[in-house]
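Student: Following the hints, put chain B in place on chain A, whose structure we already have.
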Amino acid sequence: MTQRAAFWNALATLVTLGLIFFLIDPAGRAPDGARFLARQHPALVHLPIGFLLFAGLVALGRWWRKDDQPGGVEQTALLLGGWGGVAAAAAGSWLMQMGGYPTDVMFWHRAFGLIIPLAAAGIVLINAKGGTPLVKAASWGLLLIGVLVGGHAGGELTHGKAFSTEYAPGILKPVLGEAPSLDTRFDLSRPDSSTVYEVLVAPILGAKCTSCHGEGRTKGGLDLTTPEAIAAHETDTEDDPLITWGASDASLLIQRVMLPVEHRRAMPPVPESAPLSHADVELLRWWVDSASGFDGTIASADMPGSIRTILQAYGMSEIKTGVFALNVTAPDTALVSNLSTAGLRLSRISMDQPFFDLVCESASCLRAEGIDDLAPNIISVDFAGTDLADADLALLQRFPHVTSLDLSRTGINGRGLEVLSGLAYLARINLYGTRVDDALLDVLASFPALEAVYLWETDVTAEGVARLRDALPDTEINDGRS
Amino acid sequence: MSKKISIPDEARLKWAHLQTRRHFLKSFSAGVGSMALSSIMGPAALNAFATGSPLTPGSMRLDDPLMPKAPHFPAKAKHVIFLHMAGAPSQHELFDYKPLLQKLDGQQTPPSLLEGKRFAFIRGVPKLLGPQATFKQHGESGAWVSNHLPHFSRAVDDVTFLKAMHTDEFNHAPAQLFMYTGSPRLGRPSLGSWALYGLGSENQNLPGFVVLISGAAAPSAGASVYGSGFLPTVYQGVQCRSDGDPVLFLTDPDGVSRDMRRRSIEAINEINRQEYEETQDPEILTRISQYELAFRMQMSVPEAMDILSEPEAIQTEYGIEPGKVSFANNCLLARRLVERGVRFVQLFHWGWDSHGAGESEALNHGFVERCKETDQAMTALLTDLKRRGLLDETLVVWGGEFGRTPMLENRTGQDNPFVGRDHHSDVYTMWLAGAGIKRGFSFGETDDIGYQPVRDRVHVHDLQATILHQLGFDHEQLTFPFQGRDFRLTDVGGRVVNEILT
Chain A
1 MTQRAAFWNA LATLVTLGLI FFLIDPAGRA PDGARFLARQ HPALVHLPIG FLLFAGLVAL
61 GRWWRKDDQP GGVEQTALLL GGWGGVAAAA AGSWLMQMGG YPTDVMFWHR AFGLIIPLAA
121 AGIVLINAKG GTPLVKAASW GLLLIGVLVG GHAGGELTHG KAFSTEYAPG ILKPVLGEAP
181 SLDTRFDLSR PDSSTVYEVL VAPILGAKCT SCHGEGRTKG GLDLTTPEAI AAHETDTEDD
241 PLITWGASDA SLLIQRVMLP VEHRRAMPPV PESAPLSHAD VELLRWWVDS ASGFDGTIAS
301 ADMPGSIRTI LQAYGMSEIK TGVFALNVTA PDTALVSNLS TAGLRLSRIS MDQPFFDLVC
361 ESASCLRAEG IDDLAPNIIS VDFAGTDLAD ADLALLQRFP HVTSLDLSRT GINGRGLEVL
421 SGLAYLARIN LYGTRVDDAL LDVLASFPAL EAVYLWETDV TAEGVARLRD ALPDTEINDG
481 RS
Chain B
1001 MSKKISIPDE ARLKWAHLQT RRHFLKSFSA GVGSMALSSI MGPAALNAFA TGSPLTPGSM
1061 RLDDPLMPKA PHFPAKAKHV IFLHMAGAPS QHELFDYKPL LQKLDGQQTP PSLLEGKRFA
1121 FIRGVPKLLG PQATFKQHGE SGAWVSNHLP HFSRAVDDVT FLKAMHTDEF NHAPAQLFMY
1181 TGSPRLGRPS LGSWALYGLG SENQNLPGFV VLISGAAAPS AGASVYGSGF LPTVYQGVQC
1241 RSDGDPVLFL TDPDGVSRDM RRRSIEAINE INRQEYEETQ DPEILTRISQ YELAFRMQMS
1301 VPEAMDILSE PEAIQTEYGI EPGKVSFANN CLLARRLVER GVRFVQLFHW GWDSHGAGES
1361 EALNHGFVER CKETDQAMTA LLTDLKRRGL LDETLVVWGG EFGRTPMLEN RTGQDNPFVG
1421 RDHHSDVYTM WLAGAGIKRG FSFGETDDIG YQPVRDRVHV HDLQATILHQ LGFDHEQLTF
1481 PFQGRDFRLT DVGGRVVNEI LT
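From first to last, the protein sequence lines stand for chains A and B.
Sequential numbering of the first sequence, starting at 1, is according to the numbering used here.
Sequential numbering of the second sequence, starting at 1001, is according to the numbering used here.
Bear in mind the hints are in silico, worked out from the structure with no lab data behind them.
As the structure is a computational prediction, the values presented were derived from the model and not from experiment.
C-beta atoms are modelled at their ideal positions from N, C-alpha and C, and glycine is treated no differently.
None of the hints are false.
Example chain B residues on the side facing chain A (calculated, C-beta under 7 Å, incomplete):
| no. | residue |
| --- | --- |
| 1 | P1068 |
| 2 | A1070 |
| 3 | P1071 |
| 4 | H1072 |
| 5 | F1073 |
| 6 | P1074 |
| 7 | G1389 |
| 8 | G1472 |
| 9 | N1498 |
Computed, partial: chain A to chain B, Cβ under 7 Å:
| no. | residue |
| --- | --- |
| 10 | P304 |
| 11 | S347 |
| 12 | R348 |
| 13 | S350 |
| 14 | M351 |
| 15 | Q353 |
| 16 | N430 |
| 17 | Y432 |
| 18 | Y454 |
| 19 | N478 |
| 20 | G480 |
Bound conformation, chain A alone:
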C-alpha cells in the first residue's frame, strides 16, 4: 500500500468518525431507518475486533522474526477492522439514542470505541510510511487499550456492572475493584437502633436522586439531601405533597418513581439514569406507608413480609423482640422427657426456638421435680379448668419469661396474683370464669407488655373495666360485654 493511499484512508476515517460523533446527538431520536442497523451493533462490533486481533498477531510474528516490512495481509486486516469499526460506531451511536443506558459508562464506551478505528488507520499509515519503534509500539498500545476498555464498558452496559470481573480470582480483585455485594449496600446490623431513613432511604436517594436534586443543583426546587430540606419542601398546588405519611399513593415522591419509564414525568429520567429497582421502590413506599419519618427505627416499623424478604436479601438477620431476643439455652432433652412423664404437657413452640408451652392438668405440676431447671424456657402456662388456687400463684414467679398465662375457669380470686406484678413479657392473661374482682386491676396495669386481658364471667365491674381501659389504652380488654 502506498503512503498516499494510507494517508487518504486515515483522513477518511477521521472525517467519517467526526461526522458520526457530531451528527448523532446522544439526546436525539434515532431515525426509523437506522434502528435496524442500531440493533446490529453487538454483531458489527465483534468482527472488526477479530480482524484487528489477527493483524496484531501477524505484526507480533513479524516483530519476533525481526521483519520490518509489513505485508499485504496485515494491512488488509487493519483496513477491514478499521472500517468495520466505523460501521459499528455508527450503529452504536444510534443504539445509544434508543436509550436506557447509564450515561457515565456510555461515555467511556463511546470514547474508547471511537479510538479503535482511528488507531487502526494510524497503524496502516505508520506501516506504509515507517516510523520509530516507539511510535509503532504506542499506536499498537492505543489500539489494545481501546479494545480492552471500550469492550469492558460495553459488557457493563449490556450485562450490568462487574459482569466481567465478578468471578475474577481473589488475587485480581483489589486491582479490578470489587463490586458492592448485596449485604454491604445497607448497614442492617442494628435494626433496633438505626432509622429507616438513615440506613435505607438516604442511600437510595443519594444514589438515584441527589445528583440533580441536591445541594448544588436543586432541579425543580427540590433538595433531597437532608431531612430538613425534604420536610420543608412544598410542591405545586396541583400536585400531591412530596410525602404524605401513611399514604404512599398520595406522595409525589413515590408517584414519580413509580411512573412508567416512558412517561415524561418519570423519575429518575432516562436515559441519564436507570429507573429505581423494584426493591428500592418498595423500600421507599414502606418508609412512607409505615410513617417512619426521619426517626422511626427499622425494628419499630410495621414490617410486611415483602419488605422482610427484601431486607433479608440485603443481609438483615431476623428481628427478634421480646422473649425471642433473650439468650436462653435449649434444655436437656432428658429433663423434658422426665417432666413429661411426670404429667406435664410440654410442647416446644418450634424447632428453632428453645421455648416451651406448658399445659397442666392440675396445680401439682408446679411442684414437679426439676421444673425450676426448665423455668427460663417456659413462655406460656395454661391452667385452664384446673384446681389451681390463689396460694399456688406464688409458684408461678419462677417463670420470668412467661408471655401467656391462662388461669381461666379456676377458683382463684386474684389475691395471689400480686406476687407476679411487673412480669416483663406477659402479653396475654386469661382470667375468664374466675372470681377475680376490681382489686386485681392494679396488678394488671403493672404488666408493661400486656396486649390482651380476658375478664368475662368474673366479678370485675363495668366501671372497673372502664378504668382499666383508661390505664391501658393499647391493651384489648374483653369482658364479654362488648
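Tutor: Only chain B this time, still in chain A's reference frame:
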C-alpha cells in the same frame, strides 16, 4: 418436614417406609431392624413415656404417631375451625356488593364477557342478575354485609374478607378436593391431616382432627376431603355426630364390660406389636394407636360432645337444636373440641348450590334458609371464642369451594319463579378470623359487576399456604415422600398472603 424433621424421627420414618414397601428384611428384621432402631433413638428416648398403660387417659407412647411435635417456627394458630359451606354460597348475596349489577339486572350479558368462558350449566347468552339482597355497611371497618346475615354483620370487625379468591375447578367434588387436598383428583392428604401430621395431637383422649357434618347431604367429594391420602391413616379426620352415638362403633357391644374390652384390646395390641416388630409397617402403629384412642374416647368423647351440659344462655346464643343434626350444634361442638385441644375441626354444611332449578336451591328460598341456619351460630362461635381468649390461638375460616356467576342461570329457558346463579371459579369471597389474621380488613377487589378480580387475588393454594403458615409451617417444607418424590399440600404453588397477617 423433610428438611427440618428431627434425625431420629426421619430415620424412623424412612426405615418404616423401606420396610412397608418390600418387607425386605422380614426374615431377619427382629435382629438387624430392632438393633438399628434402638441405637438410632438411644436408650433415654426409649424410656420416655414408657410408664403407665397406654389405655389410661392422657398417656402416650414414644412411637405414637400422634405425639405432639414442634412446627418450623412459632405458630399463631394452635387450632383451626373450618366452616365449609358446601355447594358454594353466592358472594353476590352476602359480601360482594355491586350497585351496578343491580342497575344492569335483566340485561343480556355482553358477548365480550362470555368469550372463552365455560360454565357448568349456563349455555347461550344469559341475563345479568342483580343482588337478591339489600346491603349496608357495618362496623368500624365499614364492611358491606347483606340483610341475610343480621348476626354476622355485628362481627365484621373481627374478620378479614378475601374478596378475590379463585380456584381451578368449577364442579363441586373436584373443587372441594382442591380446597382440602391441593389437587382436584383423589389420593392426596387433606389439610387437617397435614396439620396433624406436622403437629401431632394436643389431647391424647380425643381425635386430633374431627369432622362435623350438617345439612341435607355430605360433601360431594365424600370422605376424601378429610382423608389422609398417602399419609398414615392415623392422621385422617374422624367424623363425629351431634345426634345418636357421637362416633359410630365406639360403644361396647352388649354383654362386654369395659374391663373385658380393655383386656381384649391389650391382647390384640400385644399381637399387633409383635407383628410390627417383624414387619415395621407403620400402618400397624396406626392400628394400635387407634385401638387405644378408641378405648380412651369411650370416656372422653361423650363428655366432649355433650352440648346440653352448656349453660342455657350459651345454648340459646348458638341456637342449638338438641337431638337433631344442625350447624348450630356443630358450632358449639367445635368450640368445646377446640377448648379440649383438638387440633383441627372441619365443619360442612350442605345446601348452598343455588342454581334456581328448584325451591331448595333458589336464591330466594333455600339460600335464605341456609343463611338463617348458619348466621346466628357462626357469629356466636366467633363471640364465644373471643371472650374465652380462644380466638387468639384459633383460626376460623369460612367459605365455599368456589363462587357464583353474576348471571342468572335459567336451565329450562322458561318462566321460573326461582332465581339462581351458576358455578364460578374466577372469583368469590371467603373470610378468616383469629390467630394472627388482621381484624376488620378486606383484601382483594372485583370489577363493577363482581365477575372478575381486579386486584389482590388469592388462589386456593395461597390460602392453604397461609393456613399452614399460621400453624407454624413453611408450606414448602411440610412434605411427605411418596412414590419417589416429596409431596406437599400446595403442590408446586402457594404464596403466604402476608398482607392479611398482623
